[in-house]
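**Student:** Sequence:
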Amino acid sequence: MQAIAKREHPDLILHLGDHDRDCIGAFGAVPVVKVRGNCDYGSDEELERVLDFGDTKIWMCHGHLFYVKSGLSAFLAKGKELGATILLYGHTHRSYLSKEPGLIVMNPGTPEFSYGVIEMENDHVTDVRLEDSAADLAFI
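Position 133 of the sequence shown, counting from 1, maps to 133 under this note's numbering, and the rest follow consecutively.
Quick caveat, the hints were computed from the structure, so don't treat them as lab data.
Just so it is clear, the structure is predicted and the values come from calculations on it, not from any experiment.
A virtual CB, placed ideally from N, CA and C, is assigned to each residue, including glycine.
Be careful, since some hints might not be right.
Label pairs and their calculated CB-CB ranges [unchecked claim]:
#	residue 1	residue 2	range
1	V117	L82	19 to 27 Å
2	A134	D52	30 to 38 Å
3	Y67	Q2	29 to 37 Å
Capping the alpha-carbon separation at 20 Å, the derived lysine to aspartate or glutamate pairs in DMTMM-like fashion look like this [what the hints assert, rightly or not]:
#	residue 1	residue 2
4	K99	D123
5	K78	E100
6	K69	E48
7	K99	D40
8	K99	E121
9	K80	E100
10	K69	D44
11	K80	E48
12	K57	E112
13	K99	E81
14	K57	E81
15	K78	E46
16	K99	E46
17	K57	E119
18	K99	E45
19	K57	E100
20	K78	D52
21	K80	D55
22	K6	E100
23	K57	E46
24	K6	E112
25	K78	D55
26	K69	D18
27	K6	E119
28	K99	D127
29	K69	E119
30	K78	E48
31	K57	D123
32	K80	D52
33	K57	D127
All chains should be built: construct the whole structure from the sequences, respecting the hints.
**Tutor:** Printed below as a string of structure tokens:
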């Protein structure tokens, strides 16, 4: 994750759970917003978070409470209920990206292989993409 942060120079890092303690002090001055995953034993992080950026509302959760390994229907229903325009989840450790008008759904995968990037300007999404981290990033 440190190598990815050095490559991307993010303004904000969103961590979707599992091993949330890996983020403590790891990114210097870059703020990290985290949610608790099913492997974050003893963590006091929230299970879900909603971030508002003007017209863009991001809902993030680990996904285990919405059974994302069995499908996305419960996850999508909750995200739509919240009025989110970007839905982020983890848990499966498999990258996924769906872009439809008014709704983006992403699982960035696992840092050893992939990560997600959301670019915004003036609270509007300008790009959302998955990047391959295994091919060209050395682990620090």
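**Student:** Take the hints in turn and mark each one as holding or not.
**Tutor:** Results of checking the hints against the structure:
1. For the pair V117 and L82, the beta carbons lie near 22 Å from each other, so the given range of 19 to 27 Å is met.
2. For the hinted restraint 30 to 38 Å between A134 and D52, the CB-CB distance of approximately 33 Å keeps it satisfied.
3. Checked against the given bound of 29 to 37 Å, the beta carbons of Y67 and Q2, roughly 32 Å apart, stay inside it.
4. Straight-line distance between C-alpha atoms of K99 and D123 comes to about 18 Å, which keeps the hinted pair within the 20 Å bound.
5. Taken as a hint, the K78 and E100 pair is honoured in the structure, with Cα atoms around 17 Å apart against an allowance of 20 Å.
6. Restraint check for K69 and E48: satisfied, since their Cα atoms lie roughly 17 Å apart, inside the 20 Å limit.
7. Simply put, K99 and D40 have alpha-carbon atoms about 29 Å apart, too far for the 20 Å limit, and the pair is violated.
8. A C-alpha spacing of about 18 Å is found between K99 and E121, which places the hinted pair at or below 20 Å, so the restraint holds.
9. Taking the CA atoms of K80 and E100, the gap is about 13 Å. The hint holds against a cut of 20 Å.
10. Restraint check: the Cα-Cα separation between K69 and D44 comes to about 24 Å, which exceeds 20 Å; the hinted pair is violated.
11. Using a Cα cut-off of 20 Å, the hinted pair K80 and E48 holds, with the two alpha carbons roughly 14 Å apart.
12. At roughly 27 Å between alpha-carbon atoms, K57 and E112 are farther apart than 20 Å, so this suggested pair is violated.
13. The straight-line distance between the Cα atoms of K99 and E81 is roughly 18 Å, inside the 20 Å bound, and the hint therefore holds.
14. For the hint pairing K57 with E81, the CA-to-CA distance comes to about 12 Å; that is within 20 Å, so the pair holds.
15. Proximity of K78 to E46 is assessed by CA-CA distance (about 16 Å); at most 20 Å being required, the pair is judged to hold.
16. For the hint linking K99 to E46, the alpha-carbon distance of about 26 Å lies beyond 20 Å, and the restraint is violated.
17. Straight-line distance between C-alpha atoms of K57 and E119 comes to about 14 Å, which keeps the hinted pair within the 20 Å bound.
18. The straight-line distance between the Cα atoms of K99 and E45 is roughly 28 Å, outside the 20 Å bound, and the hint therefore fails.
19. Taken as a hint, the K57 and E100 pair is honoured in the structure, with Cα atoms around 15 Å apart against an allowance of 20 Å.
20. Taken as a hint, the K78 and D52 pair is honoured in the structure, with Cα atoms around 16 Å apart against an allowance of 20 Å.
21. With a C-alpha separation of about 15 Å, the suggested pair K80 and D55 falls inside the 20 Å cut-off, and the hint holds.
22. Between K6 and E100 the CA atoms are separated by roughly 30 Å; this puts the pair beyond 20 Å, and the hint is violated.
23. A threshold of 20 Å between alpha carbons decides the hint, and for K57 with E46 the separation of about 17 Å falls inside it, so the pair holds.
24. With a C-alpha separation of about 15 Å, the suggested pairing of K6 with E112 holds against the 20 Å cut-off.
25. Between K78 and D55 the alpha-carbon distance is near 18 Å, which keeps this suggested pair within the 20 Å criterion.
26. Distance check on the hinted pair: K69 and D18 sit about 15 Å apart at the alpha-carbon level, within 20 Å; holds.
27. Straight-line distance between C-alpha atoms of K6 and E119 comes to about 16 Å, which keeps the hinted pair within the 20 Å bound.
28. Using a Cα cut-off of 20 Å, the hinted pair K99 and D127 holds, with the two alpha carbons roughly 10 Å apart.
29. Our distance criterion of 20 Å between C-alpha atoms is broken by K69 and E119, whose separation comes to about 27 Å.
30. A C-alpha spacing of about 11 Å is found between K78 and E48, which places the hinted pair at or below 20 Å, so the restraint holds.
31. Between the alpha carbons of K57 and D123 the distance comes to roughly 10 Å, so the proposed pair stays at or under 20 Å and holds.
32. A C-alpha spacing of about 15 Å is found between K80 and D52, which places the hinted pair at or below 20 Å, so the restraint holds.
33. A distance of roughly 15 Å separates the Cα atoms of K57 and D127; the hinted pair therefore holds under the 20 Å criterion.
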